[in-house]
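Novice: Could you put together the complete structure from these sequences and hints?
Residue numbers (our numbering): 510 to 675.
Hints listed in this document are in silico derivations from the structure and should not be mistaken for laboratory results. Bear in mind the structure is a predicted one, so any value in this text is a computation, not a measurement. Just so it is clear, CB atoms sit at the ideal spot from N, CA and C, and this is done for glycine as well. Each hint should be verified, as a subset may be incorrect.
Said to hold, decoys possible - Only pairs whose alpha carbons sit at most 25 Å apart, straight line, appear in this in silico DSS-like list of lysine-lysine:
| # | residue 1 | residue 2 |
| --- | --- | --- |
| 1 | 542 | 562 |
| 2 | 612 | 577 |
| 3 | 542 | 612 |
| 4 | 577 | 542 |
To be verified - Listed next, with one range per pair, are the computed distances between beta-carbon atoms:
| # | residue 1 | residue 2 | range |
| --- | --- | --- | --- |
| 5 | 611 | 511 | 24 to 34 Å |
| 6 | 526 | 555 | 25 to 35 Å |
| 7 | 533 | 626 | 35 to 45 Å |
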Amino acid sequence: VLFAQGALERMGLNAVRYARTLHRVYWDAVLAKMTVRPGVIRLLDDLRQAGVKTAVCTDMLADIQMEKLEYLGLTDRVDYLVSSEEAGTDKPGSAIFWLAMQKCDCLPGEAVMVGDNFRHDVQGALDVGIGGIWLNWTELPRPDDDRAYIEVQTFEQAADRIRAML
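Specialist: Next comes the structure, spelled out in structure tokens:
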């Protein structure tokens, strides 16, 4: 809403009147384009069947992330949502990862973080001792980090690696 507010104010329009509507238009357009990546539902179902707890760990605001999960039909396949607003810090800050582990009742060595942002997702997880799987969709150059992590290009590859850990 703050982005919409700023844009409207720069255009000389009443942000109080229109910012929430503009925000809703934006998110309706985003949601309409969203799809679940191949392999996600099957992996979440496999993890649930194996008794493994799952958490979405996000810098996105909780209400928007919940809306996205609902739109994608994933609400009953994810155990927890941990947002930066709940944890009090964005990734790669450690609090968000510790809160996710607390909710899932696990220790760092029992957890794995899958993410497409190396710095925020993988480095943040590695910093607290969680294994990292970097979903490098766009084939970015490998970052200069000597710690062990897994790099994949598709979610299906990540899912195969996670299944091998069970």
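Novice: Against each hint, give a clear statement of whether it holds in the structure.
Specialist: Hint check results:
no. : hint                    : result
1   : 542 <-> 562             : violated (28 Å)
2   : 612 <-> 577             : holds (20 Å)
3   : 542 <-> 612             : violated (31 Å)
4   : 577 <-> 542             : holds (11 Å)
5   : 611 <-> 511: 24 to 34 Å : holds (30 Å)
6   : 526 <-> 555: 25 to 35 Å : violated (48 Å)
7   : 533 <-> 626: 35 to 45 Å : violated (26 Å)
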